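As given, the protein sequences belong to chains A and B, one line each in that order. Numbering-wise, my numbering puts 262 at position 262 of the first sequence, and it's gapless, one number per residue. Numbering-wise, my numbering puts 721 at position 225 of the second sequence, and it's gapless, one number per residue.
Bear in mind the hints are in silico, worked out from the structure with no lab data behind them. Computed from a predicted structure; not experimentally measured. Please note that a few of the clues may not be correct.
Claimed, not checked - Straight-line alpha carbon distances no greater than 20 Å define the calculated EDC-like cross-link-like pairs of lysine to aspartate or glutamate that follow: (1) 679/B - 593/B; (2) 351/A - 396/A; (3) 776/B - 421/A; (4) 877/B - 79/A; (5) 76/A - 754/B; (6) 77/A - 39/A; (7) 643/B - 657/B; (8) 310/A - 598/B; (9) 776/B - 396/A; (10) 812/B - 425/A; (11) 496/A - 39/A; (12) 643/B - 593/B; (13) 77/A - 748/B; (14) 352/A - 598/B; (15) 351/A - 726/B; (16) 309/A - 593/B; (17) 351/A - 267/A; (18) 797/B - 340/A; (19) 351/A - 593/B; (20) 309/A - 340/A; (21) 309/A - 726/B; (22) 351/A - 592/B; (23) 702/B - 754/B; (24) 310/A - 591/B; (25) 702/B - 639/B.
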Amino acid sequence: MRGRAIVVVCLLGGAAAWPRSARALDAEVTSDTASQFYDVRSPTGTPILMRSRLTTTLGVSAYDLLDRPQEAGQEKKPDLFFRARLRYDADYGAAAEEATPGNLARVVPGFSRGPVDLMYAYVEGRRFFHGLLGFKLGRQYVTDAMGWWSFDGGQLRVTTPAFFALEAYAGLEVRGGMPLSGPLGRWEADGVWRGDRSGFDPSAYPSFLQNDVAPAVGCAIETAGVSWLHGRLSYRRVYNTNDSIVSQFSNGDLSPVTYSGTRISQERLGYSLNANAPGFGGLAGGLVYDFYANTMTSVFATADVYLGKKVTASLDYDYYQPTYDADSIWNFFAQYPMNDVGGRVLVDVTKKWSLSAGGHVRVFQNQPVTDTIPDPVAAVSFNGGGSLGARFRRKDTMLSLDASGNFGDGGDRVGGDVFGERVLDARYVLNARVGLWQWEDKLRPDRSTASFGYVLGAGYRFLHGSQAGLEWENEINALVGLRVRLVAYLSLAVTK
Amino acid sequence: MSAARSSRGREFGLERRMSRSATAWLLLVMAMLLAAAVAGADPASASASASASGSATATATASAAVTAPAYRSGLTPLPGDQKVPTRLLPPGSFDDDPGPSDVIFPSQDLTLRFNHKLHVQGLHQGCTSCHAGAATSNSASDEIVPKGVACDRCHRSDHSDLHAVKAGPDESGRCAYCHVGYKDGDGNRVADFVIPRPNMVFSHQKHAVRNIGCPQCHGAVQELELATRDQMPRMRGCFRCHQMPDALSRGDAKAACDTCHVRAPASQGGVIRSVFASGKLLPPRWLHNAEHGPDFVERHKTVAGADSQFCANCHKEDFCTDCHDGRVRPRQVHPNDYLSMHPVEARMEMQRCQSCHREQSFCVTCHLRAGVGESSPAAVKSAARFHPPQAIWSSPVRGPGHHAFEAQRNLSACVSCHVERDCVACHGGAGIGAGFDIHPAGFVSGCGMQLRRNPRPCLVCHQPGDAALSQCR
């Protein structure tokens, strides 16, 4: 892993150094570092995990690689730029045994004490062929109704004169345990425990599957140009490849132990729409269909109505039924969607003050069971809740209140945070947060309690985009007692 | 709702009401502290960044209230400071219009009396008679407001040397005739006249050569006396023309943000500059439904999902990944002590965990390390039971509180802690597990396609020759 990191740092450094000979090139090097010290305790109060974490990123960007100056009044010139960000995320509080495959009494498959991952690294071109063509090459994100996703590959985008654009991409899904992806997957479909099984006996942790390359293709059609309407229809297919352990209990009788072959991982269609009539309100919504699970996994819609110039009222609907990677057994489990209906009001009291308040009802479903009389289980149960937010924002001052309450069969949670930040002389940053929360665990009533916590922070801005600071967090509740968390952070930005 | 559950609810009801009441009081106190803090904040407002025009020697400040009483016209847009009707405001204005953006057009200090209606309709002057630059300017920072010398020809004053301005011989040439607050004895000193540069990209020339008249952006100034900030363009009005894809516009009005908004230097990511001395630039509510209110963090999905490039105009990837792939808990999303309360929250799934966390990676790994997972390493596995007693939670006879119902309502909560082996032990088919069927009713009718496209999950619970599996072939 260290070797990979060195190679990547060299590549990034080279990329940053190479374009300096170009006359008009702009470059930026950024770094965000956070050190966190805290412990994770179980509800019984026993210290379990001592966490001494260091997370640092290195970002390198280079712009205007083509060095074509824009002439006033002329068609915009093609543009080419490069962006990359590398991350090191270590937990020095972890024991070495937790990442040692040979130590089955302690090892946690997939856990690494100091992983390095390449968050993104791509070259993007815009406005080629008189503005018709754009492309992106490298590790990149895709965001649409289907959520966040990342892949290594290429994307091509054609913007037509007819107010729509076509997009197609192909590559390999970014997966945990693969080179420069970190040990834990983030972007692959959920429902499968995957990573690098190197060093593990095949019989150990059979649920932990070896990750392998995952070819992916996708396409989209999207509106372009108009400001009051935007829609995007997108499709994506990802494949799983090579071997996968199947048998969960290696007693010698069961076969096959592994399944090998290229198979579907996910195939989804997403659509989202955002429309607005400035004098009246707006509509936004979307849906996601999972072809493998053969079900609609998400439908969401929001209708905004403008009640005067200061008040916006919204009606929200959300349908959600999780589906998983096609390698996952959980697609086959009986489950029911959650349906949410909610309303919310946003009031811009002044140009600096705004308030929001909302409420919702969630409908949970399950199979009705009536043969347990006198305690029949209802097919439908309701959760409900609401939220209240307030914010005051001025050039050097920010104050906010975030409060919410949610109540249901599984538990209740109610409370709020008040946050304030003040910047003095454009350099000295002071902030504080106070929170009070109370929750009731209805499945385990003995784990219900209230918590009070506060955070005090101070920072110093020493350059544009650069800041250092320290935060002290203190929380107390009856389950785990007093907890302390210390966060030190440093953000650096150097530009040319 | 089962009788047992209702009974339990009654049993804990009083205590719960009491604790909620205490919480509500504390929240009220916190809200009052918040209000008090705001009330005590420094009332100084943001100052404008730069002045495009101003008198070099002025030191006095004045307002319409101290104007010489002899002159009443040209002090406000309409006589008697009447409200300007929407039809006279720039296109895109609302009834009860709040005015143009304070960030784009910072507040002005108009210390000159001027009657546009008189000059245009009475004296038959065109806009460019005074605002000559309006036909040729290529930059929003150009001064379009005429210098004093532009007035000299008619008013017979002499502004050629601002350090020694000479008044005209008659009433209309007096300093106080135009300069609000000027008093005899003030000499060469007049009040500052401040129109800060707008924080935008704009070429008057481009619009003029396309025969776009002044009223199409500034409204009916010729009907007004004093032209104020209210006559500056509204973004909604710009969109009447600016509706073309950027690179394909071929001279037509482009809709891209950077057509009008200032980009930060390329070395800072080239995103739209959103922080100015006059405030922070935020999208209006009618633009992509993206008003950044206090609850926008909970609602941004519909905006970003429909058009991530819209967000990318102002935010680089890092802004998004700090939460969606972050390593430092964002407190606005997960409040203080979230670690202790997250089991209840995850069960209710009010914040969809999968938005930012992959459950079989992020959640499972931490749960295994902490010893609360079924498959935790032996050396750390907690003896304490996370779930309710086995007789309720996993009894072969399902009753209220059985895990089957929790799984059916919110399977993600299970997936965040258990690995497939935990489930297969009981739910695996004959010869593998105890055989408790987890498939929904009617599952067999659609399982053939799933078996063909990916047999792997089927084979976890069923052996290849399993009779149950053959129903899907």
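Each hint, compared with the structure:
About 35 Å separates the Cα atoms of residue 679/B and residue 593/B, which puts this hinted pair outside 20 Å; it is violated. Among the hinted pairs, residue 351/A with residue 396/A is consistent with the structure: their alpha-carbon atoms are about 15 Å apart, no more than 20 Å. With a C-alpha separation of about 15 Å, the suggested pairing of residue 776/B with residue 421/A holds against the 20 Å cut-off. This hinted pair does not check out: residue 877/B and residue 79/A have alpha carbons roughly 55 Å apart, beyond 20 Å.
As the CA atoms of residue 76/A and residue 754/B are separated by approximately 11 Å, the hinted pair is consistent with the 20 Å bound. Between residue 77/A and residue 39/A, the direct Cα distance comes to roughly 53 Å. Violation of the 20 Å bound is thereby established for this hinted pair. Restraint check for residue 643/B and residue 657/B: the C-alpha separation of about 11 Å stays at or below 20 Å, so the hint holds. For a cut-off of 20 Å, the pair hint linking residue 310/A to residue 598/B stands: about 16 Å separates their Cα positions.
The suggested pairing of residue 776/B with residue 396/A holds, with an alpha-carbon distance near 11 Å, which does not exceed 20 Å. For the proposed pair residue 812/B and residue 425/A, the alpha carbon gap of about 27 Å is over 20 Å, so the pair is violated. Our distance criterion of 20 Å between C-alpha atoms is broken by residue 496/A and residue 39/A, whose separation comes to about 41 Å. Distance hint between residue 643/B and residue 593/B is unfulfilled; the C-alpha atoms sit about 30 Å from each other, more than 20 Å.
Pair hint residue 77/A plus residue 748/B holds up; C-alpha atoms about 16 Å apart against a cutoff of 20 Å. Of the supplied pair hints, the one linking residue 352/A and residue 598/B holds, its CA atoms being roughly 11 Å apart against a limit of 20 Å. Between residue 351/A and residue 726/B, the direct Cα distance comes to roughly 16 Å. Compliance with the 20 Å bound is thereby established for this hinted pair. At roughly 8 Å between alpha-carbon atoms, residue 309/A and residue 593/B fall within 20 Å of each other, so this suggested pair holds.
With a CA separation close to 45 Å, the supplied pair residue 351/A and residue 267/A exceeds the 20 Å bound. Our distance criterion of 20 Å between C-alpha atoms is met by residue 797/B and residue 340/A, whose separation comes to about 15 Å. Between residue 351/A and residue 593/B the CA atoms are separated by roughly 13 Å; this keeps the pair inside 20 Å, and the hint holds. In summary, the hint linking residue 309/A to residue 340/A is not supported, as the alpha carbons are separated by about 28 Å, beyond the 20 Å threshold.
Taking the CA atoms of residue 309/A and residue 726/B, the gap is about 16 Å. The hint holds against a cut of 20 Å. For the given pair, residue 351/A sits about 15 Å from residue 592/B by alpha-carbon distance, which is consistent with the 20 Å threshold. For a cut-off of 20 Å, the pair hint linking residue 702/B to residue 754/B stands: about 16 Å separates their Cα positions. Between residue 310/A and residue 591/B the alpha-carbon distance is near 13 Å, which keeps this suggested pair within the 20 Å criterion.
With a C-alpha separation of about 16 Å, the suggested pairing of residue 702/B with residue 639/B holds against the 20 Å cut-off.
This entry does not satisfy hints 1, 4, 6, 10, 11, 12, 17, 20, going by the numbered hints stated previously.
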